[in-house]
Amino acid sequence: MTRTLALIRRIRQQMLRDRRTLALLFVAPLFVLTLMYYLFNGNDDPSRLGVSQVPATVVQALEEADLTVIAYDHIDEELLTREKLDGALQLTDGQLSLALTNNDPTKAKALQMKVAQTLAAASQGAQSAEQPGGRNMTTTYLYGTADTNFFDVLSPILVGFFVFFFVFLISGIGLLRERMTGTLERLMSTPIRRSEVITGYLAGYGIFAVIQTIIVVFYAITVLDITLAGSIWNVLLVNLLLALVALSLGILLSTFASSEFQMVQFIPIVIIPQVFFAGIFPFDAMAGWMQVLARIMPLYYGADALKGVMYKGWGFGDIAVDVLVLLLFAAVFIALNTFALRKYRKL
Amino acid sequence: MERSISVDQVSKSFGKKKVLERIDLQVQRGEIHGLIGPSGAGKTTLVKLLVGMDIADKGTVHVLGKRMPDLDLLQSIGYMAQADALYAELTGLENLQFFASLFKLSKAQQKERIAYTADLVKLANELGKKVAAYSGGMRRRLSLAIALIQDPQILILDEPTVGIDPELRLSIWNELLRLKREAGKTILVTTHVMDEAERCDRLAMVRDGRILTSGSPRELMTDYQVSGLEEVFLKVGGAR
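Residue numbers (UniProt numbering), protein chains in the order written: chain A, 1 to 347; chain B, 1 to 240.
In case anyone wonders, no lab produced these hints; they're calculated from the structure. All C-beta atoms, glycine included, are put in the ideal place defined by N, C-alpha and C. It cannot be assumed that every hint is accurate.
Cβ pair distances, simulated, as ranges [stated by the list, open to error]: (1) Leu336/A <-> Leu170/B: 39 to 49 Å; (2) Lys17/B <-> Thr181/A: 25 to 35 Å; (3) Gly288/A <-> Phe14/B: 41 to 51 Å.
With these hints in hand, go ahead and build the complete structure from the sequences.
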């Protein structure tokens, strides 16, 4: 136990000295995530909304909600594209209808939300029968459907992926350096047990993985405002498990690399394929053997659970199987690691 | 005299390549024993069997009367590999502290041993520096201090003076002689430098995984009727 603690303390000291690596671990995921967020979310220009036959009070309310409102006599699809409108609100026969161009699903969704909220507020204030309520509004889309929102689906996968990738890289290279400089061999010439070495590494790098996970998850949810339908604790749990799997896998694969260069070569072999099966491409459309392949990839289970919790609002019961499989992956990798250390000392 | 290390009929191969063949080696308590031979002779493999990192295919290795490998016995063996094996991001002190905490030492003992070993290798004033800023000689000395940290009865040093300047080599040898004289340590050293071999109490000449001959430097020179160890080596090697 004291030996494991000594190992943890040493890894902490080493990591704190290596500012670049710390920055990679903590800042790089936030940087890439932010970049992706803006790539998918487009600009923050006020949406251009065309209106026709809409009461003046509603128009005023819409303008107060930061929308560029332009009045037309009549609106059709051709006008929507020609005038580069994001949407059009029309009142025909007492029925409100909203047509969304949906060029950018995220922007369209935001516009729809804003219009609905404004209408609801306006109807609540007036409380009269003639004021059309937001609930009666029908929505149509020029392109796509109401369900198209790429970043909402993608972001849970991205969060899980970044945690997995950076923990894998740093723990793998960290241990590889120890193998290359001979310090691991020296470590094994002391009375430390192989299990103590593995526990020490898992906990030592684990502390940093936990901090990274917490930073990434909170940044994604509070700063980037990524949809979180379920519990944040479940998100943290799944990400921590992903980090544990990445940690033990990184340490294990470093056994088969003889240089940092060779460690980086594992990325296209081990990391990239996992991304393909994490849910970015529709799973049901894959060939049968591809679906089988997906099930040996830890990220498949992590992404499934994260998407469930963050996007669909799943509870713990719904992700229990994913959690269990991730735990199983970690257990297998840890056991293999303890065995792989026999290369350095048979006992 | 008491035997610290006893190797009996040990063979070891990696794949089809025989690295050690029926090695016999006895090291007495309190002596400096040299293993001399060219690179690739099997010295490092033999050393790894002694510290229990590898297991012999045939034969037995006993250290301090116990059969290796034995985890608890590692408390009594100080091992210094060919590579310096230090954590460059950490200071000298942090390196010593880390390795000290891997052994059964109380906090007070740890402090005392760190102070003693640092003083012994003349690094006491450099402990606050990061190892990355150390010179090659300082790293070797720190590495030696780490091998001594738990006050082991036996010291096993794999080419401790390779690649360092003559002055430092002399000072390391003086330290080894002092450890033998004052603390009664048993020291096993591998080397391929002949003038170092002369400082050993006893020698074993290794080539191609076999021990060609062994004895004190003086005995060897008398036996083979030559005036230098180098000639002994050439004579024995050539006779095969």
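Outcome of the hint check:
1. The beta-carbon spacing between leucine 336/A and leucine 170/B, approximately 47 Å, falls within the hinted interval of 39 to 49 Å.
2. For the pair lysine 17/B and threonine 181/A, the beta carbons lie near 26 Å from each other, so the given range of 25 to 35 Å is met.
3. The beta-carbon spacing between glycine 288/A and phenylalanine 14/B, approximately 44 Å, falls within the hinted interval of 41 to 51 Å.
When held up to the earlier numbered hints, the structure conflicts with none and fits them all.
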